[in-house]
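Chemist: Can you make the complete structure from the sequences, with help from the hints?
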Amino acid sequence: MKIDRTSITPVGSVQAAAAASRVAQVKSKNNQGSSQDQIAVSNSAQVFQNLVQKAKELPDIREDKVKAIAEKIEQGNFSLDAGSIAVSLLKPHDMGGE
0 MKIDRTSITP VGSVQAAAAA SRVAQVKSKN NQGSSQDQIA VSNSAQVFQN
50 LVQKAKELPD IREDKVKAIA EKIEQGNFSL DAGSIAVSLL KPHDMGGE
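Here the sequence shown is numbered in numbering that gives the first Met the number 0, starting from 0 and rising by one per residue.
The reader is advised that the hints may include incorrect statements.
Here are the in silico distance ranges between beta carbons for each label pair [as the list claims (entries may be wrong)]: (1) Lys55 to Gly82: 28 to 36 Å; (2) Ser41 to Ala85: 27 to 35 Å; (3) Leu88 to Ser27: 53 to 61 Å; (4) Ala85 to Ala54: 18 to 26 Å; (5) Gln37 to Ser83: 47 to 55 Å.
Computed cross-link-like contacts, BS3-like style, restricted to lysine-lysine with a CA-CA straight-line distance of at most 30 Å [claimed, not checked]: (6) Lys53 to Lys64; (7) Lys90 to Lys71; (8) Lys53 to Lys66; (9) Lys90 to Lys53; (10) Lys55 to Lys66; (11) Lys26 to Lys53; (12) Lys26 to Lys55; (13) Lys64 to Lys90.
These are computed hints drawn from the structure, not numbers from a lab.
Every residue gets a Cβ at the ideal spot worked out from N, C-alpha and C, and that includes glycine.
Modeler: Structure, rendered in structure tokens:
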């Protein structure tokens with residue numbers, strides 16, 4: 000039995016035509032829905048966006064705090080309370096507060 004390669008071509012053209020038809024249908028649906036598209040942003044997303052904006056506005060280095068700590072170190076008055084630092088790290092923070 001001999002298999003001829005010419006029989007593959009008609010199948011390929013049928014598949015290509017079907018794919019082109021599906022692409023046309025998707026484009027048609029996209030054009031119809033574009034005038035009705037809407038977006039809704041949740042309250043959490045708005046709060047998050049506000050926090051991101053506030054963080055961007057903060058300076059990279061808080062010069063006033065660095066200066067105050069440097070002065071305390073020079074004077075020998077700087078001390079750390081490990082317990083209060085640990086409590087502060089473990090305390091839940093209010094991320095949405097003003």
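Chemist: Of all the hints given earlier, name the ones this structure violates by number, lowest first.
Modeler: Numbers 11 and 12 - these are the hints that the structure violates, sorted from lowest upward.
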